[in-house]
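Assemble the whole structure, with the sequences as input and the hints as a guide.
Just so you know, the sequences run in chain order A and B. Read in this note's numbering, the first sequence has 272 at position 272, and its numbers run on one by one without any break. Read in this note's numbering, the second sequence has 87 at position 87, and its numbers run on one by one without any break.
In case anyone wonders, no lab produced these hints; they're calculated from the structure. Heads up, a few of these hints could be off.
Rough simulated footprint, nothing fancy, chain A against chain B, three-plus residues with beta-carbon under 8 Å [as the list claims (entries may be wrong)]:
{"no.": "1", "stretch": "19–27"}
{"no.": "2", "stretch": "42–51"}
{"no.": "3", "stretch": "82–91"}
{"no.": "4", "stretch": "104–114"}
Glycine included, each C-beta is placed from N, C-alpha and C at the ideal position.
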Amino acid sequence: MNSTLRATLLSWDLRLEVILVLALAGTIYTIGWWRLRERSRTNLIRNRWRAGALWRPVAYLGGVLLLAIALMSPIDVLGGQLLTMHMVQHILLVMIIPPLLLLANPLPFLLWGMPKNVRMGTHRILSHKSRFRYYLRQATGPGLVWLVFVIIYWGWHDPNAYNLALQSPFVHDLEHLSFFLVSMLFWWHVIGAGPRIHRPISPIGRFAYVLTAIPPNMLAGLAIVFASGPIYTYYEAMPRIWGLSVMEDQKIGGVIMWVPGSMMYILAALILISRWLQQEERKPALPQSAWASDEALAAPGIKK
Amino acid sequence: MSQPPFLLGRHNLRWNTILIVWSILFLIAVLTDPVGAHTAGKMQLSAAPAGPYKMTVWTSPEPATLDELHIALAVVLAEDASPVLDAEVLVQLIPADGSLVLEEPATTEDSENKFLYEAIFEPATPGLYQVDIQVSGTDGATGNTSFDLEIVDDSGLNLLYLIPVGLGLAAVFLLFFALRGRGASERLESQ
Numbered sequence: 001m002n003s004t005l006r007a008t009l010l011s012w013d014l015r016l017e018v019i020l021v022l023a024l025a026g027t028i029y030t031i032g033w034w035r036l037r038e039r040s041r042t043n044l045i046r047n048r049w050r051a052g053a054l055w056r057p058v059a060y061l062g063g064v065l066l067l068a069i070a071l072m073s074p075i076d077v078l079g080g081q082l083l084t085m086h087m088v089q090h091i092l093l094v095m096i097i098p099p100l101l102l103l104a105n106p107l108p109f110l111l112w113g114m115p116k117n118v119r120m121g122t123h124r125i126l127s128h129k130s131r132f133r134y135y136l137r138q139a140t141g142p143g144l145v146w147l148v149f150v151i152i153y154w155g156w157h158d159p160n161a162y163n164l165a166l167q168s169p170f171v172h173d174l175e176h177l178s179f180f181l182v183s184m185l186f187w188w189h190v191i192g193a194g195p196r197i198h199r200p201i202s203p204i205g206r207f208a209y210v211l212t213a214i215p216p217n218m219l220a221g222l223a224i225v226f227a228s229g230p231i232y233t234y235y236e237a238m239p240r241i242w243g244l245s246v247m248e249d250q251k252i253g254g255v256i257m258w259v260p261g262s263m264m265y266i267l268a269a270l271i272l273i274s275r276w277l278q279q280e281e282r283k284p285a286l287p288q289s290a291w292a293s294d295e296a297l298a299a300p301g302i303k304k
Numbered sequence: 001m002s003q004p005p006f007l008l009g010r011h012n013l014r015w016n017t018i019l020i021v022w023s024i025l026f027l028i029a030v031l032t033d034p035v036g037a038h039t040a041g042k043m044q045l046s047a048a049p050a051g052p053y054k055m056t057v058w059t060s061p062e063p064a065t066l067d068e069l070h071i072a073l074a075v076v077l078a079e080d081a082s083p084v085l086d087a088e089v090l091v092q093l094i095p096a097d098g099s100l101v102l103e104e105p106a107t108t109e110d111s112e113n114k115f116l117y118e119a120i121f122e123p124a125t126p127g128l129y130q131v132d133i134q135v136s137g138t139d140g141a142t143g144n145t146s147f148d149l150e151i152v153d154d155s156g157l158n159l160l161y162l163i164p165v166g167l168g169l170a171a172v173f174l175l176f177f178a179l180r181g182r183g184a185s186e187r188l189e190s191q
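Next up, the structure:
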């Protein structure tokens, strides 16, 4: 095997603390899903969106697996050597893993995977009368979350912050943790997973919410692609692999952020529109008398 | 309610045990990774010429301590900066006071990033050292570079570690008593 390819494929950083957290998250969800599936067997609701549907653990565990890959595989290790790899890692952490985890609606399953007193305690602090719920709702409103999401996304791509993250393991972990947590909050509003403590956003509102995240992402990607010199100077001292110069790597990294990054939001917006149209189609048709009268046909939508 | 097969048995006891063992393992994992293998560390030399090669060298942790000193280095060809992955690399720690010289081979096997070479030392005494690095390529070409490194005695109690340790232990005790209380109340109900 080619020595460069071999070195690429073998560059893993198996971190026990990451494995422990992901294993616990996966185990608790699986236990909760199993318990809720047993309960839903007696339920009359039998469609693919029911609690015990198999796609839910598949989506959640897929997200957990991708999180492991993003944080421990060559994508992470070589992210310190190539901006391209670091951008792939950021796309996974910001745009792919959070929607996958949230599609599985993890909260009820995680709660059912835990002891009863933990479940009841969580229920108490999220109940309608709880102060915690009030403050959580205030602190995680869609507008505020969107703003914090953009600030964090831009902030970590500042050359000083980025170089510091590459030099310090603590800052690097902080970068990834903040990306992941704020992205979970962002996609929480888009997907509408539990806990549902905010006023529901209309389908058009969600569509707009996702689309407004594209310009900040595009601007950051464009700034990197069209920079005249190396922005992230840390990479200048690293051995160049795959025959990529610092500037070529920077341009590819910027393009990854700009194009596939934006495509993820567009894809999410299309899915939202598609689901909205499906819901509209399911609504019962209006009776003919409501739309086929001479008056209605002459001036549709105008009521007496 | 039926349980998953891996939860059959004494459910309460298992939760206590699982969470406490998990918390302790997590604390150990966090506290024993102070060097942070997923970044190379503090850069000591940047593309320093060494014969037909250039070397970039990092040390971690920062500051360098007696416990475990990692020296990671990238060897590239000076002409096109392409990585050299099959060289023999020898790292020497030469104390300024003339005491025993420490010597370790640096290999890609010891590094998480297989494009870098890494050597791990456990120096016995603090002080100023000269780090000398010799590279021998498979074609017989050799290169050498060096830098000075201050190693400090960090064997004393690091107060910063007390914060996560204290919080972790508090969490473990809270979990233990919360789950223990639940088990006791259920036993009372069943009597």
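message: At least three residues with a C-beta closer than 8 Å to a C-beta of chain A: is that true for the stretch 19–27 of chain B?
response: holds (count 3)
task: Given that the stretch 82–91 of chain B was listed as covered by chain A, double-check it with a C-beta distance under 8 Å for 3 or more residues.
output: holds (count 4)
- prompt: Are there at least three residues in the stretch 104–114 of chain B whose beta carbon sits under 8 Å from a beta carbon of chain A?
  reply: Since 4 is at least three, the answer is holds.
- prompt: If you look at each residue in the stretch 42–51 of chain B, do at least three have a Cβ nearer than 8 Å to any Cβ of chain A?
  reply: n = 4 at 8 Å, threshold three: holds.
The structure meets every hint from the earlier list without exception.
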